[in-house]
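Asker: Note that this note's numbering has the sequence shown beginning at 2, numbered continuously upward.
Honestly, I wouldn't trust all of these hints.
What the hints assert, rightly or not - With a Cα cut of at most 25 Å, we get these calculated SDA-like pairs of lysine to any residue:
hint : residue 1 : residue 2
1    : K7        : R21
2    : K7        : I34
3    : K7        : A29
4    : K7        : E30
5    : K7        : A22
6    : K7        : T27
7    : K7        : L26
8    : K7        : E17
9    : K7        : E33
10   : K7        : E19
11   : K7        : R20
12   : K7        : A25
13   : K7        : M32
14   : K7        : R31
15   : K7        : A18
16   : K7        : W24
17   : K7        : M23
18   : K7        : V37
19   : K7        : V28
20   : K7        : A35
21   : K7        : L38
Stated by the list, open to error - Taking CB as the label site, the calculated pair distances span:
hint : residue 1 : residue 2 : range
22   : E19       : R39       : 17 to 23 Å
23   : P48       : E5        : 34 to 40 Å
24   : A16       : R39       : 31 to 37 Å
Since the hints were made in silico from the structure, they are not lab data. What you are looking at is a predicted structure, and each value in this text was computed from that prediction instead of being measured. Where a beta carbon is used, it is the ideal one built from N, C-alpha and C, also for glycine.
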Amino acid sequence: MEREGKVFASPAEAAEAERRAMWALTVAERMEIARVLRERVYGASPPDVRASHVRSMKAAAGRPKELDDLQNLPVPGEG
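Turn these sequences into a full structure, and let the hints steer you where they fit.
Answerer: Here is the structure:
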């Protein structure tokens with residue numbers, strides 16, 4: 002990803018050039034840009050927040066935080 006600078010006659014012309022440049026990017030180039038921006042914000046190895054989300058949802062439902070705790074499942078026929 003190389004940076005380049007250009008001078009335009011008007012803001013409208015600059016905006017149009019920016020749109021065309023974005024349209025010209027391949028999917029791989031867009032993914033690389035997204036990866037670089039994500040690493041700038043969150044670092045090279047951000048923590049996985051999905052596990053904490055699952056734990057908080059289970060806690061909100063009144064269930065234990067352990068994912069493999071099966072003793073709190075309702076037993077069919079009891080009730």
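Asker: Determine for every hint whether it applies to the structure shown.
Answerer: Hints, verified against the model:
1. K7 - R21: holds (14 Å)
2. K7 - I34: holds (20 Å)
3. K7 - A29: holds (24 Å)
4. K7 - E30: holds (20 Å)
5. K7 - A22: Cα-Cα ~12 Å, so holds.
6. K7 - T27: holds (21 Å)
7. K7 - L26: Distance ~18 Å between K7 and L26 Cα, so the pair holds.
8. K7 - E17: holds (13 Å)
9. K7 - E33: holds (22 Å)
10. K7 - E19: holds (10 Å)
11. K7 - R20: With Cα atoms ~14 Å apart, K7 and R20 stay inside 25 Å; holds.
12. K7 - A25: Roughly 17 Å between the alpha carbons, so the hint for K7 and A25 holds.
13. K7 - M32: holds (24 Å)
14. K7 - R31: holds (21 Å)
15. K7 - A18: holds (10 Å)
16. K7 - W24: holds (17 Å)
17. K7 - M23: At roughly 15 Å apart (the allowed maximum being 25 Å), M23 and K7 satisfy the hint.
18. K7 - V37: holds (23 Å)
19. K7 - V28: holds (24 Å)
20. K7 - A35: holds (23 Å)
21. K7 - L38: The given pair, whose Cα atoms are some 22 Å apart, holds under the 25 Å limit.
22. E19 - R39: 17 to 23 Å: With Cβ atoms ~21 Å apart, the hint holds.
23. P48 - E5: 34 to 40 Å: The hinted range 34 to 40 Å holds for P48 and E5, with Cβ atoms some 35 Å apart.
24. A16 - R39: 31 to 37 Å: Violated - the Cβ-Cβ distance for A16 and R39, about 25 Å, lies outside 31 to 37 Å.
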